[in-house]
Every structure is written in C-alpha cells, then in structure tokens.
Amino acid sequence: MVIDDLIEIAEKEKAARKPCVVRCCMAAGCMSSNSQGVKEALDRAVKAAGLEDRVEVRGVGCMKLCCQGPLVQIDQEAPGATVEVQTIGKGPLYEKVTPESAASLIETIKGGSTDVSAADPQHPFFTQQFSIVLANSGIVDPERIESYIAAEGYHALHDVLREMTPKEVVDALIKSGLRGRGGAGYPTGLKWATVAKTASAQKYVICNADEGDPGAFMDRSVLESDPHAVLEGMAIAAHAVGASQGFIYVRAEYPLAISRLQTAIKQAKQLGLLGSGIFESPFNFSIDLRIGAGAFVCGEETALMASVEGKRGTPRPRPPFPAESGLYNSPTLINNVETFANVPAIIRKGADWFAGIGTEKSKGTKVFALAGKITNTGLIEVPMGTPLRKIVEEMGGGAPDGGTIKAVQTGGPSGGCIPAAALDTPVDYDSLTKLGSIMGSGGMIVMDETTRMVDVARFFMEFCMDESCGKCIPCRAGTVQMHHLLAKILERKATLRDLQKLEELCDMVRSTSLCGLGQTAPNPVLSTLRYFRQEYLDLLREDALGPGANGHSSRTTTPAPQPAGGN
Amino acid sequence: MAARTFTIDGKHVSADESATILEAASEVGITIPTLCHLDGVYDVGACRLCLVEVTGVPKLLPACTTRVAEGMDINTDSERLRKYRRMTLELLFAERNHVCAVCVANSHCELQTLAYTLGMDHVRYEYTFPRWPVDNTHSLFGMDHNRCIMCTRCVRVCWHIEGAGTKNVSGRGARSQVISDLNQPWGTSETCTRCGKCVMSCPTGALFAKGVTVSEMERDRTKLEFIVTAREKKQWIA
Ligand SMILES: Cc1cc2nc3c(=O)[nH]c(=O)nc-3n(C[C@H](O)[C@H](O)[C@H](O)COP(=O)(O)O)c2cc1C
Ligand code: SF4
Ligand code: SF4
Ligand code: FES
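Quick note, the sequences are listed as chains A and B, same order. With numbering that gives the first Met the number 0, the residue at position 339 of the first sequence is 338, and numbering never jumps. With numbering that gives the first Met the number 0, the residue at position 103 of the second sequence is 102, and numbering never jumps.
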C-alpha cells in the first residue's frame, strides 16, 4: 500500500456514488428499535421502485438524535450530481421509521409524500454541534473501510509515517492542547512524550474502551460509527511512542462495537494499513481486542492492564505509572477512545486548527451523551467552553412537558451535580472541577424538580459499593457504610450525627482510597450536600434537631424547586 | 546503590534509594501501623493504615509502597492520620464478625492489637453481621471467613513464597473473599501443599491450625520470617 493506492480507493469509492443516498442508522440505539428491519425494507423498496442505479441505501453510524430512532436521512442531488461528503446531511431526517413506513420514504424520492415525521435540521440540536470526533458518524459506512478512506481516512497515518518523525508527531499533539477524554483530562501530548522517552525494546498502546459510567455511551457510538478513526489514531500514537503492539480493551456488553472493530481490523490488515511495513515504512503495528467482563473498575488503567494480562482486575498503587512500567512491565500508552479519535483530524488539519477551538486550557470539542429528563436525548459534540445552558436548554430542548431543570449530573459516579443556578458555566475541565463536579468521560444526566438529590447520591453510592474491587478497606467497607447512612436518611431514620458521620466518611474515603474509584466515590454526596443540603436536613428524623435547628418548624416533603435563573 | 537523606517525624534519616518509607522508618525505630504488609512478601498497598503525610504532596502516601527520595519530609503521625486509622479499623470491625471473646486468635491478633494501640475504643458504624461460612474441610487447618480482613497476605505467601497458588480472591467489593483453588472446599484442593505458611501469615483468627481453641492460636512469626528471608540470607546452607 502506497499513497496512490489509497487515493485510488478513495476515487473509486467516490465514482460509485449515486445522486441519492438514503442513510439508515445502524448503531446500537436504533438497532434496538429494529433499524435492521428498516434497512432491509428500504433495500426492498428501492428494488421494487427500480431505483437501484439512482439510490444507495447505506447503513451508517449514530445520527445523534437517539431518542427518535430508528433514524433515516435522505440526501438528494439534482440529476447528474452526486452526494458529496460536504453536502451530506442536508436532507430530511426521518424519525421513528418502521419497516412498514420505510417504503413511503422511498416514494418521496420520486416526488411522493410520507406520513413519517422528520426532525427539523435547523434545530439547535444539530446546528450547534461541532464535529471532529463524530465527523464521520452517521455518514460513512462503519463496516466498509473504503467508505472511511473516501472521507480522507488513513491519510494522516500516511503523512505521519512518510513525512513526520515521532518527535514531530508528539510535538504536534502537545501543541494541539488535546487532553485525555477518559476523565482526568491529562495532557495527551505530555503522556505520549513520556512513553516516547522511556527506553524499551517493547512498548504497548492501549485504547481504553471500557466505558463503565452509568448513562454514558459516547465511546460506544464512536466505535460503532467510525471504528477506523480509532485504529488510525492508535497507529499514529504507536509510531510516535515507538510501540508495535496495540490492544483495545472493550467491554463484552458492547457486542456491536466488538464486531465492528473486528471487521475494521480485518479490513485494515487486508489493505496493509495494519501489520508490517505499513505504507512501505519500517513501521509495524498490530491491534488485538481484549474483551472485558464489564467491571467498572477495569476502566482504571492499572486494573485494565492487569485484566489484559489475564489477572484479577484490581488497581495497584502508582507510581510506577503505565508510561514507565505498564502492561507486562513495559512502557505503555493508554488513552481513551475519544482521545484517539481526535488524533487523525489533528494531524490532517494541523495542531493550530485544533488549538483554535475551545477555551484556553481545554482545547477542541467534547462529546456528551445527553440523557435523563430532557426532550432531546442523544449524542452531542460541542466546542469546549459551551455554556451548560446552551447544551441542555437550546440543544437538549429543556425538560420534557414543561418541567424545570433542577440540576445536571456530569462525570457519572465520580462526578457531581451542578445546580440549575450554575447553568451558565462554560463546560471545560477547570470550570466543572471548580463547581465540585468533573468533566468525566461525557455522561450528562439532566434532572428535573421531581428528582430527589439524596436519591441520586444514594444511587451512585450503591453503584460504587457494588463496583468497588474490594482491595482497599476505605472503599470496600466505607462505601457500604456511606450507602447505609444515605439509605437511613431516605428512610427518615437518621439524625444530625448520622449526617456528620457521612461527611466524615466522605472525607476519609476520598483521602485514603487506593484508586480513583474510591477517591471519587464520595463526590456525588459532597456535591449534593454542597448545593442541596436542605434536602438532607429535611429528611432527618423529627427529633434529630432542636426546634428551628434546620430553619423549618415543620418538615416539607417535596423539596422547594431550585430557581432556574442565572447567578 | 545510592543513599538518600530525608526526615521522618523530624528525625534525620538516610537509607538506600530502593528503601520504602516503611523500611526506613522501622530502621530508626519508628513504627507505622500496617496490616497488609508482611516482611518478605511484595506489598500491595491495600489496608491504607500506613498512609503518611509528605510535605508538598497533596495526597497521603502509603509508606509500604512509596520509595524514599532525597529531601523528603515525612510525617507518620498526626491528628488527621490517627483519625483515619481509627476509622479504618472501625470499618473493619463493622464489616465482618470480629468477636474477640470467642476467637482463636484472641490476644494474639494484629487487628485487636492495633485497635488497642490506636485507641479505637468503640465502633460508630452499623455492624453488618454478614453470614460468612467456616471452611473446616482441611485436615490440618481451618478458615473462618468471619474474621478475614482481606489483607491477602495468605494469597501472596501461597503464590510467591510457597509457589503453590492455592489461595486466591474471588468476588468484588464487600463480597470478595479468599478462596482455595477454583472456589472449592480447602480440603479438596489438589494444589495445597499443607505447608501452613498462609496460617502463619494471617494477622487475625481467620486462618488457624486445627485443634486450637479460644486464644490459643499463637503464630510463630520468626519461623515465617526465616522461611521468607532464608534464601536471601543463605540460611538454607547450614
Ligand atoms: C474507576 C475508574 C474507571 C475508569 N473508567 C474509564 C473508562 O471507562 N474509560 C476511560 O477511557 N477511562 C477510564 N478511567 C480513566 C483511566 O484510568 C485513564 O485515566 C484513561 O484511560 C486515560 O486516557 P486519557 O488520558 O485519554 O483520558 C477510569 C478511571 C477510574 C479510576
Ligand atoms: S479504591 Fe476501591 S476500586 Fe480502587 S483499589 Fe480500593 S477497593 Fe479497589
Ligand atoms: S485469611 Fe488472613 S491472611 Fe488471608 S486475607 Fe484473610 S485476614 Fe488476610
Ligand atoms: S501496610 Fe501499607 S497499605 Fe497496608
């Protein structure tokens, strides 16, 4: 494989394009409401209408508005023209398509009409998105490498291998300002530089696709919609740090992502884009999958590596950090799915381009899985620094049925709840940390006034308690006691002393636990206590407080709604 | 080999760069409480009792797995550390059934001793009273899961000193437990060499020799230490 071969594949793919493209979402969300059946019906309808030469039915990845699936979008050009990547996505996006209604969509190509409702492509949900990671999602066919190559795929890998030294690649990453999307936001370029500098004959690159946060599905969507972007990002990383073997650690609960990755790896190998002497350079790189059994803690990097080695997935103290001594004691680069998916675009369009997007300390975009009490649930990608209000109110359409948003939870069980009063906060690493939450990997759960915050805290504590690996005492036994105290509060049996005990445990578990799971497990409690303390006090036992101690003479059952105004 | 100079509790100390804070401290007679540490077996940093404060480091560091560094200013005792250590012990006592009065290890137990020395005079957390079984199927030893604190010392000596690989951990969180082979009765284990090192390493009454009753389970730690360090010290060659 040389660059001319790559261009030839792209040209051939483009030449085969038809004037009309019917894209049908084949990611897990829509597949769960039978988009497979919809696609088959579309194929049949095209055939029945004799439109095969004019119309292409393409299975694609996530089209973002997951709550309205199965989604089908039809793009049509004037006779003679073909649908280019740039113009795709302008046509109507049909919602909740069924195999029965699919044929009527094909009728519209011939000028007919359909009863199927279509989303408004001018809605802020679509217009306010800024796609880097999801640029190909919903557009390319994730099961055909040619489709990715036609969208400039693997060009960045070629440029890196033939025209850039490893150091130049690392420098580009540093300059881009990309930070890890797996939660902690560690500067990616710096991590690459450390692994590159550590001398060793054997190094590894690992893609963390464990995605265990409740409510998060960003990484899954990327893998299902554009697996080659992740493979290409990993290969570029391997060249930069000097690794020849990569692993993708993906949870077994993601069968579709696994199958897409297997297909993608097979196709990349067949074309010589993975394997030895890639692009006729001395660079060799293979990628293998490792399937996790779905333990949240196995997303923690040291536990993940133990699991890849076939051991019990428990974290170990750091240092040594993976960059010095990781998988099989070799220097190991470990990054998140979304982190890797940003890499090809950074190389193609330049570090300066990337650094121009976002805020001073948080560059680029972030993908969020918008869920909970919100009208438009689905995937959104926005520039760093976008105000939370814009995401939940404009794009997300606010709480359904005219409800009021009370808080937004980010960062899953390691994160916190941001009260409605702070909705004008720009979404970036530092602002969210200041509010007592974290960016996390991108789960964003919206809550309305019917949500009881103590319930939320209890839910996440139960999650941490169940997912604790059990290695260290504060996390293993502390989460049990914290959960018990939260349940006691909810049963209205707790006293002020119990609340003090809870706060004391939060501090202790956070300060003494071995790994990030335990260290952050108290966050949902701490952040709800910070903004909604009264809800805790209102639930305490009647005799727990002296008269008027909580500022109430009687207890209210429903907490007062939070004012939605700015601060 | 390079020496490092630093301070522990205000004392000037020097030690080899490969030493852990725990080793350096014990060299100069400063005791840091530990439960998962066992001389001679690699450390896992699991019990978190040995956490110490190091000036300039925001996080508390485990003394058993942190290597000394030049100029380190280490503090092994403070009101905050004492409070966390007591809480850790309280959590352990509330977690399983540690009824000292009827335990084989009564007055020979590291957990009990630590509770005394660290001033843990009562448990403020709700006892969970879990129902854990006792495995008495082995001809020489027994295992009472009610007394286990999951320090994994027995697992580590079984794998790394004896090399039998009988003991292991299954489950997660509060449901994690020490198992024999493929989670089967200890007596049916085909890998157990009946060496008894696990019993010698256990800090509590969880592992015991058969035939002992309340307060009789005394462990001969010098014997274990001999086994653990004999190879390094060439004590096998008489
Ligand atoms: C309990 C726990 C769970 C984690 N789960 C994930 C995960 O599912 N996916 C992920 O990418 N990172 C996860 N992380 C973070 C990883 O340890 C690691 O920091 C990350 O993969 C580094 O990649 P990045 O620099 O690209 O963010 C988790 C961390 C902890 C403590
Ligand atoms: S903090 Fe929790 S998950 Fe992490 S090592 Fe300790 S017990 Fe395991
Ligand atoms: S049986 Fe004893 S040595 Fe083994 S983990 Fe339990 S307390 Fe530790
Ligand atoms: S002795 Fe260091 S953590 Fe247990």
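Honestly, the hints are just simulated from the structure, not real lab data. Ideal Cβ positions, reconstructed from N, Cα and C, are used throughout, including at glycine. Hints are not guaranteed to be accurate.
[Said to hold, decoys possible] Just the calculated beta-carbon pair ranges, DEER-fashion:
| hint | chain 1 | residue 1 | chain 2 | residue 2 | range |
| --- | --- | --- | --- | --- | --- |
| 1 | A | Y327 | B | R79 | 32 to 42 Å |
| 2 | B | V122 | A | P213 | 27 to 37 Å |
| 3 | A | E162 | B | K233 | 50 to 60 Å |
| 4 | A | E162 | B | R79 | 34 to 44 Å |
| 5 | A | Y327 | B | R130 | 54 to 64 Å |
| 6 | B | P132 | A | L255 | 51 to 61 Å |
| 7 | A | Y327 | B | E224 | 26 to 36 Å |
| 8 | A | S243 | B | T192 | 34 to 44 Å |
| 9 | B | R79 | A | P318 | 21 to 31 Å |
| 10 | A | E461 | B | V211 | 33 to 43 Å |
| 11 | A | M0 | B | T4 | 33 to 43 Å |
| 12 | B | G186 | A | E541 | 53 to 63 Å |
[To be verified] Within a straight-line C-alpha distance of at most 27 Å, the following computed DSSO-like cross-link-like pairs (lysine-lysine) qualify:
| hint | chain 1 | residue 1 | chain 2 | residue 2 |
| --- | --- | --- | --- | --- |
| 13 | A | K348 | A | K360 |
| 14 | A | K433 | B | K58 |
| 15 | B | K58 | B | K10 |
| 16 | A | K500 | B | K82 |
| 17 | B | K58 | A | K360 |
| 18 | A | K500 | B | K10 |
| 19 | A | K265 | A | K13 |
| 20 | A | K95 | A | K109 |
| 21 | B | K82 | A | K487 |
Now for the hints, and whether the structure bears them out:
The beta-carbon spacing between Y327 (chain A) and R79 (chain B), approximately 38 Å, falls within the hinted interval of 32 to 42 Å. For the pair V122 (chain B) and P213 (chain A), the beta carbons lie near 32 Å from each other, so the given range of 27 to 37 Å is met. Taken as a hint, the range 50 to 60 Å holds for the pair E162 (chain A) and K233 (chain B), whose Cβ atoms sit roughly 59 Å apart. Checked against the hint of 34 to 44 Å, the pair E162 (chain A) and R79 (chain B) fails, with Cβ atoms roughly 55 Å apart.
At about 40 Å, the beta-carbon gap between Y327 (chain A) and R130 (chain B) misses the expected band of 54 to 64 Å. The supplied range of 51 to 61 Å is broken by P132 (chain B) and L255 (chain A), whose beta-carbon atoms lie about 41 Å from each other. A C-beta distance of roughly 31 Å is found between Y327 (chain A) and E224 (chain B), which places it inside the suggested range of 26 to 36 Å. Between S243 (chain A) and T192 (chain B) the C-beta distance comes to about 41 Å, which sits within the given range of 34 to 44 Å.
Range check, R79 (chain B) to P318 (chain A): about 23 Å between beta-carbon atoms, so the 21 to 31 Å window is met. At roughly 40 Å, the beta carbons of E461 (chain A) and V211 (chain B) sit within the given window of 33 to 43 Å. Taking 33 to 43 Å as the suggested C-beta distance range, the pair M0 (chain A) and T4 (chain B) does not conform, at roughly 58 Å. In this structure the supplied range 53 to 63 Å holds for G186 (chain B) paired with E541 (chain A), their Cβ-Cβ distance being about 55 Å.
This hinted pair checks out: K348 (chain A) and K360 (chain A) have alpha carbons roughly 20 Å apart, not beyond 27 Å. Between K433 (chain A) and K58 (chain B), the direct Cα distance comes to roughly 18 Å. Compliance with the 27 Å bound is thereby established for this hinted pair. Of the supplied pair hints, the one linking K58 (chain B) and K10 (chain B) holds, its CA atoms being roughly 22 Å apart against a limit of 27 Å. At roughly 13 Å between alpha-carbon atoms, K500 (chain A) and K82 (chain B) fall within 27 Å of each other, so this suggested pair holds.
Between the alpha carbons of K58 (chain B) and K360 (chain A) the distance comes to roughly 24 Å, so the proposed pair stays at or under 27 Å and holds. At roughly 35 Å between alpha-carbon atoms, K500 (chain A) and K10 (chain B) are farther apart than 27 Å, so this suggested pair is violated. Only pairs whose Cα atoms come within 27 Å are accepted, and K265 (chain A) paired with K13 (chain A) is accepted, the gap being roughly 22 Å. Among the hinted pairs, K95 (chain A) with K109 (chain A) is consistent with the structure: their alpha-carbon atoms are about 21 Å apart, no more than 27 Å.
Note on K82 (chain B) and K487 (chain A): the hinted pairing holds, with a Cα-Cα distance of about 24 Å set against a maximum of 27 Å.
Violated hints, in rising order: 4, 5, 6, 11, 18; the structure is consistent with all others.
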